Amino acid sequence: MSSRHSTTLLKEAVGVFSIFILMATGILASGGSHHWAYSGEDDPSHWYNFYDLCSGNKQSPIDIVPSTAKPQNFLPIHLGNYDTIGKSLTLINNGHTVLLSLPKNYADYRMPFVRDGGLTNQFVFAQLHFHWGAEGVRGSEHTTSKEDNPAFDPITSVLDHVLAEFRQLIGEDGDLLVNNYRPAQPLMGRTVHVRSSSTKMAASLVAFLLPILAILAM
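With this note's numbering applied, the sequence shown covers 889 to 1106.
Hints in this document: simulated from the structure, not taken from any laboratory.
All figures in this text were calculated on a predicted structure; none of them were measured in a lab.
Careful, some of the hints might be misleading.
[As the list claims (entries may be wrong)] Pair ranges (Cβ atoms, derived):
| id | residue 1 | residue 2 | range |
| --- | --- | --- | --- |
| 1 | 962 | 997 | 21 to 31 Å |
| 2 | 962 | 993 | 31 to 41 Å |
| 3 | 948 | 1003 | 20 to 30 Å |
| 4 | 928 | 997 | 43 to 53 Å |
| 5 | 993 | 1033 | 36 to 46 Å |
| 6 | 930 | 993 | 16 to 26 Å |
| 7 | 1034 | 1007 | 26 to 36 Å |
| 8 | 1008 | 976 | 11 to 21 Å |
| 9 | 957 | 993 | 39 to 49 Å |
Built from N, CA and C at the ideal position, the CB exists for glycine as well.
Generate coordinates for the entire structure from the input sequences, incorporating the hints supplied.
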């Protein structure tokens, strides 16, 4: 794969993968431990009764409708250190999903980061994980013109000046940043085998993402 083609695919990552920014407000979770579900009296339309942060008008999942989207003159989004090959990355199976994380002692100056593109601050990489469907469909959390995609790869990032605080709060497998537990859902019955298994990967984030992007671009 040529470097030019790799750069093109990397730029496409902005469109193919959603970059989820966790705004550090001093609260990782709100609303207590009330049970929530995707159907019945605890379905998404009722979540605002139990969680204050679910009462806004920009709630997940989001359906992106290109025909009604309003153009914005943002600066190009800037990804830094995503092509840096450093210490081994850790791929973890936590029983709910697959997480890719950096070593806890990863040097701050080498941390992958994102800025510009309409962002008011710089955010550093915390981890990435995957959502996928049982049969290659309906794996994405968000939709485009009501159409689902087979998989969805949120890149969880945090404000760079609160990185040290998050390192103290985050668990070994990132459960505090991404609480992905939920009961098995109809038509979404994916299975993650062998909870807590992990493997080491000596690679950069770009090296990890490019093969996935290449498949999606076919």
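Hint by hint, here is what the structure shows:
no. : hint                    : in the structure
1   : 962 - 997: 21 to 31 Å   : 26 Å, holds
2   : 962 - 993: 31 to 41 Å   : 34 Å, holds
3   : 948 - 1003: 20 to 30 Å  : 23 Å, holds
4   : 928 - 997: 43 to 53 Å   : 49 Å, holds
5   : 993 - 1033: 36 to 46 Å  : 44 Å, holds
6   : 930 - 993: 16 to 26 Å   : 41 Å, violated
7   : 1034 - 1007: 26 to 36 Å : 28 Å, holds
8   : 1008 - 976: 11 to 21 Å  : 33 Å, violated
9   : 957 - 993: 39 to 49 Å   : 42 Å, holds
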